[in-house]
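Chemist: Sequence:
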Amino acid sequence: MPREGPIMAEKSKWVLRSMKCPEENRKAELLLEWKVQKGKKVLHSISCDHPQLLNYSGVDCQWLCLKRISPKKS
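Per our numbering, the very first residue in the sequence shown carries number 1; after that it's consecutive.
These are computed hints drawn from the structure, not numbers from a lab. Note that this is a predicted model, so its numbers are computed, not measured. Using N, Cα and C, we set each Cβ at its ideal position, and we do this for glycine too. One thing to keep in mind: the hints can contain errors.
[Unchecked claim] When the alpha-carbon atoms are kept at most 16 Å apart in a straight line, the in silico EDC-like pairs for lysine to aspartate or glutamate are as follows:
| hint | residue 1 | residue 2 |
| --- | --- | --- |
| 1 | Lys67 | Glu23 |
| 2 | Lys11 | Glu33 |
| 3 | Lys40 | Glu23 |
| 4 | Lys13 | Glu33 |
| 5 | Lys20 | Asp49 |
[Stated by the list, open to error] What follows is a list of derived Cβ distance ranges for each label pair:
| hint | residue 1 | residue 2 | range |
| --- | --- | --- | --- |
| 6 | Asp60 | Lys40 | 30 to 36 Å |
| 7 | Leu66 | Lys38 | 18 to 24 Å |
| 8 | Val36 | Val59 | 19 to 25 Å |
| 9 | Asn25 | Ser45 | 23 to 29 Å |
| 10 | Leu16 | Cys61 | 28 to 34 Å |
| 11 | Lys41 | Trp63 | 18 to 24 Å |
| 12 | Gly58 | Val36 | 31 to 37 Å |
Let the sequences and hints guide you as you build the complete structure.
Modeler: Right, here's the structure in full:
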């Protein structure tokens with residue numbers, strides 16, 4: 001079946017952001033991936049340099065930083 005219209009590749013914009021971790025008293029380095037979808041900038045992925053998240057130690061993170069970076073509007 002033929003495709004309808006061209007496929008447009010979404011381009012990502014990567015940003016490194018430093019902020020105080022809302023769950024711990026430490027500076028966190030976050031790697032954010034933003035994409036434009038339907039004309040709006042949308043946070044697509046987030047990575048954190050927290051050492052216990054990197055080594056799969058089972059630490060529980062609530063990702064409160066995500067709410068600060070990309071809050072939902074009601």
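Chemist: State for each hint whether it applies.
Modeler: Hint by hint, here is what the structure shows:
A threshold of 16 Å between alpha carbons decides the hint, and for Lys67 with Glu23 the separation of about 12 Å falls inside it, so the pair holds. Taking the CA atoms of Lys11 and Glu33, the gap is near 10 Å; set against the 16 Å cutoff, the hint holds. For the hint pairing Lys40 with Glu23, the CA-to-CA distance comes to about 29 Å; that exceeds 16 Å, so the pair is violated. At most 16 Å may separate the alpha-carbon atoms for a hinted pair to count; Lys13 and Glu33 meet this at roughly 6 Å.
Of the supplied pair hints, the one linking Lys20 and Asp49 holds, its CA atoms being roughly 12 Å apart against a limit of 16 Å. For the pair Asp60 and Lys40, the supplied restraint of 30 to 36 Å holds, since their beta-carbon distance comes to about 31 Å. Remark: the range hint 18 to 24 Å for Leu66 to Lys38 is upheld by a beta-carbon distance near 21 Å. For Val36 and Val59, the Cβ-Cβ distance of about 33 Å falls outside the hinted range of 19 to 25 Å, so the restraint is violated.
As the Cβ distance of Asn25 to Ser45 is approximately 26 Å, the hint placing it in 23 to 29 Å holds. Range check, Leu16 to Cys61: about 19 Å between beta-carbon atoms, so the 28 to 34 Å window is missed. Between Lys41 and Trp63 the C-beta distance comes to about 19 Å, which sits within the given range of 18 to 24 Å. Take Gly58 and Val36: their Cβ atoms lie about 36 Å apart, and the range 31 to 37 Å holds.
Consistency note: the structure conflicts with the earlier hints numbered 3, 8, 10.
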